[in-house]
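Q: Take the position in the sequence shown, starting the count at 1, then add 1; the result is the number in my numbering.
Hints may contain errors.
As the list claims (entries may be wrong) - Distance windows between CB atoms, simulated: (1) Gly53 - Pro141: 49 to 55 Å; (2) Leu247 - Ala21: 29 to 35 Å; (3) Arg108 - Leu225: 18 to 24 Å.
For the record, the hints were derived by calculation from the structure and aren't laboratory data. Just so it is clear, CB atoms sit at the ideal spot from N, CA and C, and this is done for glycine as well.
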Amino acid sequence: MILVTGAAGALGRLVAQRLAVRDDVVLGTRAPRSAGERRVDFDDPASLDFAGVDTLLLISAGFGEDDVVVARHDAAVTAAERADVRHIVYTSLSGDGDHLAYALPHRWTERRIRRSSSQWTILRNGLYAEFLAAIAAPGPDGTISAPLGAGRLAAVAREDLAEVAARVVSAPRQHAGRTYELVGEEALGGRELAAAVGGSYEPGSLARARETITAAGEALPYQLPMLVGTYSAIAASFLDGTGIELNALGGLLEREPRSALEAYAASVGAARSGT
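Modelling step: build the complete structure from the supplied sequences, incorporating the hints.
A: Take a look at the structure:
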C-alpha cells in the first residue's frame with residue numbers, strides 16, 4: 002500500500018491524480034471523507050496509523066515555526082518505524098536552498114529519515130513556478146515590483162514535481178538510498194517574468210517588500226523573514242540552479258520538463274480571473 006500524506010494540499014492532490022489508476026493508494030488528510038482516505042494529522046501523533054503501509058510519501062508539513070515542523074516530521078517518521086513501513090519518500094528542499102529561512106526543518110528531516118529503520122528516497126524540490134507567481138505577481142498596472150534585482154530562479158512546474166513523486170513511489174526500490182535534486186532547467190529573472198505576462202519589471206527594495214507584506218496583515222510573524230529571505234536569495238542568484246551538481250528532473254520525467262515560465266504565466270492569469 003502507498004500512503005500519500007498532505008493529499009489535501011496542491012502537490013498532494015496532483016500526486017493523487019497520477020496514482021488514481023492504482024487500487025493500492027490511500028490518501029492521508031486531516032479530515033478524510035471517503036474509504037480511500039485515512040486521517041493523518043501531524044499535530045496529533047496518535048492519528049498517525051500507518052499499519053499496512055509499504056511506501057509512505059511524506060509531503061513536507063511546513064507552514065510553521067521550525068520546532069513545530071520538526072515535531073510533525075519526527076512524529077511521522079516515528080509512526081512509520083512503528084508500523085514497519087518499508088520505504089519513505091520525502092519531499093524536501095533543493096540543495097541550493099540552504100540560505101532560505103525554512104531550510105532547517107528539511108535538512109533535519111532528511112537526517113532523521115536516513116537514520117530510520119526504513120528505506121528512503123529524498124526528493125529535493127526546487128521552488129515552484131506557481132509560488133513565484135504569488136511572490137512576484139504583477140500589480141494592477143502590470144508592473145512587477147518584487148525585489149528580485151538581477152537575480153534568477155530555477156523555478157519548476159509543480160506538476161512535474163508531482164509526476165516525479167508518483168513515479169518514485171510506484172517503484173521505490175529503484176530509488177532506494179537516493180537523493181534527487183529537482184530544479185528548473187531554465188532560470189527566470191524579473192524581465193522574463195514581465196515579458197511573459199505583458200508587463201514591466203521595476204524591482205523594489207527588500208525594505209519596501211517587508212513594509213508591503215507587513216501592511217497587508219496576511220503573513221504570520223514567522224512567515225515575514227521567510228518571504229523576505231526568499232527574495233534576497235533569488236536576488237543574490239543563490240537559487241539559479243548553478244549550485245546544483247546534478248539536476249535529476251528531466252531524467253526522472255523521461256521527457257523535457259514543462260516550461261516554468263508558462264506555469265508562472267498560467268498561475269498569474271488564473272489569479273487575475275479568479276479561477
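Q: Now look at each hint and say whether the structure bears it out.
A: Right, here's what the structure says about each hint:
no., hint, in the structure
1, Gly53 - Pro141: 49 to 55 Å, "52 Å, holds"
2, Leu247 - Ala21: 29 to 35 Å, "31 Å, holds"
3, Arg108 - Leu225: 18 to 24 Å, "22 Å, holds"
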